[in-house]
Amino acid sequence: MEKKYGVYICKGCGIGEGVNIDKLVNVATKSMGIPICKTHDVLCSPEGINLIKEDIKSEGVNALAIAACSPRVKFEEFDFPGTITERVNLREFVVWTHEPNDEETQSLAEDYLTMGIIKLKKGDLPEPNILENLNNTILVIGGGVTGMTAALEAAKAGFKVVLVEKESELGGFARKLYKKIPTGEVTNRPLIVDTEIDKLLKEVEGNPDIKVYKSTRIEKTEGQPGLYDVTISSNGNSETIKIGAIVLATGWKPYDATKLDYLGYGRFRNVVTNLEFEEIARKNNGKILRPSDAKEAKRVAFIQCAGQRDPNHLPYCSSMCCATSLKQARYVRQNQDSFAMIFYKDIRTPGRLEIYYKEAQNDPGVMLTKADVTGVSEGSNGTLYVEMENSLLGEKVKVEADLVVLATGMIPTTREPQLYLEGLTKASTQGDEAKAKYIEETPKPEFILNLSYRQGPEIPPLEGAQGFADSNFICFPYETRRTGIYAAGTVRRPMDMSEAQDDAAGAVFKAIQCLDHIAKGMAVHPRAWDITFPDPLLLRCTACKRCTEECPFGAIDEDEKGIPYYKINRCRRCGTCMGACPERIVSFKDYSVDIIGSMIKSVESPDEETFRFIGLVCENDAYPALDTLALQRKKIDPSIRFIPLRCLGGMNLVWVADALSKGIDGVLLLGCKFGENYQCHFVKGSELANYRFSKVGETLNKLQLEAERVQMLQVAITEYDKLPDMINSYIERVKELGPNPFKGF
Amino acid sequence: MAGEVIKPDLRFVKDLIESGGETLKKCYQCATCSVVCKVTPDSRPFPRKEMIYAQWGLKERIVSNPDVWLCHNCNDCTKYCPRGARPGDVLSTVRQKFIEENSIPSIMGRIVTQPRMTILALLIPVVLFLIILGSTGHLGIPEGDIVYSKMFPISYIEVTFFIAVGLAGLSYIASLSRFWNSMKRLNRTNYKKGFGTALTETLTEFLKHSRFEKCGPNADRKIAHMLVFYAFVGLFITTLWITYYYYVPKIHSPIPLSDPMKWLANISAIALLVGSLMIVSNRMKDKGFVSRTSSFDWTFIIIVLLLGITGFLTELIRLAGIASLAYPMYFIHLVFVFYTIVYFPYSKLAHMGYRTLAITYSKMTGRDIRL
Numbered sequence: 001m002e003k004k005y006g007v008y009i010c011k012g013c014g015i016g017e018g019v020n021i022d023k024l025v026n027v028a029t030k031s032m033g034i035p036i037c038k039t040h041d042v043l044c045s046p047e048g049i050n051l052i053k054e055d056i057k058s059e060g061v062n063a064l065a066i067a068a069c070s071p072r073v074k075f076e077e078f079d080f081p082g083t084i085t086e087r088v089n090l091r092e093f094v095v096w097t098h099e100p101n102d103e104e105t106q107s108l109a110e111d112y113l114t115m116g117i118i119k120l121k122k123g124d125l126p127e128p129n130i131l132e133n134l135n136n137t138i139l140v141i142g143g144g145v146t147g148m149t150a151a152l153e154a155a156k157a158g159f160k161v162v163l164v165e166k167e168s169e170l171g172g173f174a175r176k177l178y179k180k181i182p183t184g185e186v187t188n189r190p191l192i193v194d195t196e197i198d199k200l201l202k203e204v205e206g207n208p209d210i211k212v213y214k215s216t217r218i219e220k221t222e223g224q225p226g227l228y229d230v231t232i233s234s235n236g237n238s239e240t241i242k243i244g245a246i247v248l249a250t251g252w253k254p255y256d257a258t259k260l261d262y263l264g265y266g267r268f269r270n271v272v273t274n275l276e277f278e279e280i281a282r283k284n285n286g287k288i289l290r291p292s293d294a295k296e297a298k299r300v301a302f303i304q305c306a307g308q309r310d311p312n313h314l315p316y317c318s319s320m321c322c323a324t325s326l327k328q329a330r331y332v333r334q335n336q337d338s339f340a341m342i343f344y345k346d347i348r349t350p351g352r353l354e355i356y357y358k359e360a361q362n363d364p365g366v367m368l369t370k371a372d373v374t375g376v377s378e379g380s381n382g383t384l385y386v387e388m389e390n391s392l393l394g395e396k397v398k399v400e401a402d403l404v405v406l407a408t409g410m411i412p413t414t415r416e417p418q419l420y421l422e423g424l425t426k427a428s429t430q431g432d433e434a435k436a437k438y439i440e441e442t443p444k445p446e447f448i449l450n451l452s453y454r455q456g457p458e459i460p461p462l463e464g465a466q467g468f469a470d471s472n473f474i475c476f477p478y479e480t481r482r483t484g485i486y487a488a489g490t491v492r493r494p495m496d497m498s499e500a501q502d503d504a505a506g507a508v509f510k511a512i513q514c515l516d517h518i519a520k521g522m523a524v525h526p527r528a529w530d531i532t533f534p535d536p537l538l539l540r541c542t543a544c545k546r547c548t549e550e551c552p553f554g555a556i557d558e559d560e561k562g563i564p565y566y567k568i569n570r571c572r573r574c575g576t577c578m579g580a581c582p583e584r585i586v587s588f589k590d591y592s593v594d595i596i597g598s599m600i601k602s603v604e605s606p607d608e609e610t611f612r613f614i615g616l617v618c619e620n621d622a623y624p625a626l627d628t629l630a631l632q633r634k635k636i637d638p639s640i641r642f643i644p645l646r647c648l649g650g651m652n653l654v655w656v657a658d659a660l661s662k663g664i665d666g667v668l669l670l671g672c673k674f675g676e677n678y679q680c681h682f683v684k685g686s687e688l689a690n691y692r693f694s695k696v697g698e699t700l701n702k703l704q705l706e707a708e709r710v711q712m713l714q715v716a717i718t719e720y721d722k723l724p725d726m727i728n729s730y731i732e733r734v735k736e737l738g739p740n741p742f743k744g745f
Numbered sequence: 001m002a003g004e005v006i007k008p009d010l011r012f013v014k015d016l017i018e019s020g021g022e023t024l025k026k027c028y029q030c031a032t033c034s035v036v037c038k039v040t041p042d043s044r045p046f047p048r049k050e051m052i053y054a055q056w057g058l059k060e061r062i063v064s065n066p067d068v069w070l071c072h073n074c075n076d077c078t079k080y081c082p083r084g085a086r087p088g089d090v091l092s093t094v095r096q097k098f099i100e101e102n103s104i105p106s107i108m109g110r111i112v113t114q115p116r117m118t119i120l121a122l123l124i125p126v127v128l129f130l131i132i133l134g135s136t137g138h139l140g141i142p143e144g145d146i147v148y149s150k151m152f153p154i155s156y157i158e159v160t161f162f163i164a165v166g167l168a169g170l171s172y173i174a175s176l177s178r179f180w181n182s183m184k185r186l187n188r189t190n191y192k193k194g195f196g197t198a199l200t201e202t203l204t205e206f207l208k209h210s211r212f213e214k215c216g217p218n219a220d221r222k223i224a225h226m227l228v229f230y231a232f233v234g235l236f237i238t239t240l241w242i243t244y245y246y247y248v249p250k251i252h253s254p255i256p257l258s259d260p261m262k263w264l265a266n267i268s269a270i271a272l273l274v275g276s277l278m279i280v281s282n283r284m285k286d287k288g289f290v291s292r293t294s295s296f297d298w299t300f301i302i303i304v305l306l307l308g309i310t311g312f313l314t315e316l317i318r319l320a321g322i323a324s325l326a327y328p329m330y331f332i333h334l335v336f337v338f339y340t341i342v343y344f345p346y347s348k349l350a351h352m353g354y355r356t357l358a359i360t361y362s363k364m365t366g367r368d369i370r371l
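For the protein sequence lines, the chains are A and B, in the order given. So for the first sequence, the numbering used here puts the first residue at 1; every next one is plus one. So for the second sequence, the numbering used here puts the first residue at 1; every next one is plus one.
Please note: incorrect hints may appear among the correct ones.
Said to hold, decoys possible - With a straight-line Cα cutoff of 25 angstroms, these simulated DSS-like cross-link-like pairs (lysine-lysine) come out:
#1 A:298 with B:26
#2 B:7 with A:345
#3 B:184 with A:358
#4 B:184 with A:287
#5 B:7 with A:358
#6 B:7 with A:287
#7 B:49 with A:370
#8 B:14 with A:370
#9 A:396 with B:7
#10 A:396 with B:49
#11 A:253 with A:345
#12 A:396 with B:184
Don't read these hints as lab results, they were simulated from the structure. Computed from a predicted model, the values in this text were never measured in an experiment.
Could you build all of it, start to finish, from the sequences and the hints given here?
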């Protein structure tokens, strides 16, 4: 595209009073050689917008720099389709955070304008990369309540659905239940209702748009969103089907109660799990007969958190067991002379379930107490004693019961494969022998997806996720770390049946969004507008595999020579590969090592005594935090220039080297928090940046510079109030070291 | 593992609910009640723990628990309970069950504590008196001046009442010693005070009614209870006095109104009437929270009120000289006297002993509060 440049400087919101606009115009026209540079009192006003539109129409301007406010605001006003539009943040980053009419403030504004124009000159108008023969069929894996609901929701939205269930019947755990908690309207009666799973089952099996495969497993999943080839196998027969997107609804497995022998499971016949209790109730149509002697159990004890919220078993809350025990207490109470005793750590009944809990509190035959259950022992005739400490009934007591029910929790089906694969990776690092031994000795769990991805066959584990297939539960529910595969229900996080049904609809919606975006060549999420894509110059690739290893979403496979092969519909455009590549061959049309590097190199110190810093900031958390502190008119040191990155994972070390060798006094990296409570929009970006950052010492050593000059800080979007101090004190520390000796070279 | 074995009892829970503790299931153990209570000890305070004992039907723990007698039913707990669990009402129901469960023989406990049995409880003296009077030929209205001993000779009354009260007293002593022993058995601390000292302190406190003053929202109950308390003391002295008159100087009733014994009798009777009327009006007053009292409590206060009213009427009708009314009124009065003094180990009056022992024990074990 032949570019025709135009620079438009706004004087509103204090910009005109804070900086010398004439000098800025000079920078654009004289230093940068831009033919058209206009100013306006209020650029976002209809007159201001018209001014720009007029130039686009009559002058053919197609590459614009809007030097006004933050790109995070007024994006609808400054939207000019068919052009490259670069926003220069003079308001938040310059006049709102610095002293007006100061030499350093003016220099800052001029640097930002220069960097914006450089980006404009270096960048190009992107064109979407739309793959051919995209398929729109949605594959739902798992035929429980979640999977069946997902299938129905997708069919209702007009999509063809393939539903795969490994068991011979649909229905999952719901089929094993005696009754369920009433859903829908908030009423207190009835307290237990039929699951009506057969109704759902018939609806699914009778739907012409849903093809149901029972007793079927996924043998192989290859390809990418819109172009999956999924091989399913049923009784030895394999079949490959074309799939567009996948809803993972494989649910949970009960926690292995044999690990809870201190609670008597496996030792005493009258200690059962909550799932087994359903079976007992179902078998005799609600009558509770205990396993040891088939006598009616009239005193039933429920032990909550049997394994959950316990670092030795499951560190998390399985969310549904409290309500389940309250429901099962109602089974017991169908006999007016029987009673249920519930021993809990805390009753957790979120939302409308609180009403259900309160209703149980009103029943004289539902007895509740907080307690630390320490064990279960058996007396004569199968009578059990639940031993506890710190209960509301006293410091140390044991309660007599006929039957003990352990409220055991959920393990996502994705957990076991993850553990196996983690072990395999670990063994592999110890050599081929150890690996072979591991494969031979470790029982291989059932895999679910069997992806033919370079990064492994299953959804990768995530710190703190405990095996659940989620990637960011706050900002992006349903999204796994494999684009095009959306988790719903208890495989995503612990939940109850009614939540799982809502979840199914949510995940289907995301799958449909995915199909819609790939059809437009757009990133699916979180950069849901972005049509740029990584375009590596493979001629120069050294097959180091860093990109294929680091991509947080497994978007890159590699051929037998180790050359990366992008499955572009899996890509989320975070640029982590760009940061990873030592050869710097990965570029986007408007985002590349060269563009950012040139921007950095354009920053100059006016003299040897003046300090200059570069801040590479994550545009998802740190950048909005900077905008917010500007909104509050907090002051920061004028010697730092911020350059937004799509994700700090795109940080290439060459930029640090470029900056320091050119005389920049220091580089500050602002990324999101990582680790267990990570906030990174791209899950692993800031963590990878930190990893790369740990290697920065070598670069600095080579240059004989102090390591303190480069620092990485983690900042959450909400920490805008701490940010000025973080930035200013970093700058103070570096200033104490003195100017970069390379200055002026 | 050591630890007490607990056997929850659903029937007992239901029993408590039906006897006036219908709100007990509302309790969610926040312990606001124990925090606002001004008469609860610092260690193992009530009524939080009593509420969960009630919810779990832990009868054993309730019927040997001295703490329920430390409560003076001011209902601060009920006022501040965030969930409307009314601990005050539950505790008062628990006290009723306490009396019932500790009664010897237990059948008496049921007859007297359960309001629906009140008619039966009153019928017993009626039938008893009718048999005595019938078999001795005293059934009917005697001629001449109204002298009650003409219908019911003093000796008959004394024999009947001495035997009945004696038996009741024995049963009461048995119940109290059982209570005392169970308190001692469950005790886990060293005694800080001797029994004598603690008992003296307790009785002194009773004379002053100082514990009642702690009950903020119900401070006016102090005067009412004090009137009834001293009325009973006065009437007790009167009874001794008249017995002395009868046997030593052989002064026989009716005693002239000018006699000091008569003064004491009449003053006590007025105190009883005024006191019990105050209690009734107190209970009916709106104190900013819906006040409720168990029917067990109502039964007793009504009996006391009727005792006072019939006593006065007996005297007034006699002075008016209407024999046909005076003798039946005297008969009715005697029935209420019987109820009050023979049934005391099973009625609300039983709290005298239990409360005395509980407070004494709390002082001995250092669980007392500062008054």
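Cross-check of the supplied hints:
1. A:298 with B:26: Satisfied, since the Cα-Cα distance of roughly 23 angstroms is no more than 25 angstroms.
2. B:7 with A:345: 21 angstroms, holds
3. B:184 with A:358: Measuring from Cα to Cα gives roughly 38 angstroms; hence the hint is violated.
4. B:184 with A:287: 44 angstroms, violated
5. B:7 with A:358: It holds: about 24 angstroms lies between the C-alpha atoms, which stays within 25 angstroms.
6. B:7 with A:287: Holds, because 22 angstroms separates the two Cα atoms, which is no more than 25 angstroms.
7. B:49 with A:370: 13 angstroms, holds
8. B:14 with A:370: 22 angstroms, holds
9. A:396 with B:7: Roughly 14 angstroms between the alpha carbons, so the hint for residue 396 of chain A and residue 7 of chain B holds.
10. A:396 with B:49: Holds: residue 396 of chain A and residue 49 of chain B sit about 14 angstroms apart, inside 25 angstroms.
11. A:253 with A:345: Holds: residue 253 of chain A and residue 345 of chain A sit about 22 angstroms apart, inside 25 angstroms.
12. A:396 with B:184: 20 angstroms, holds
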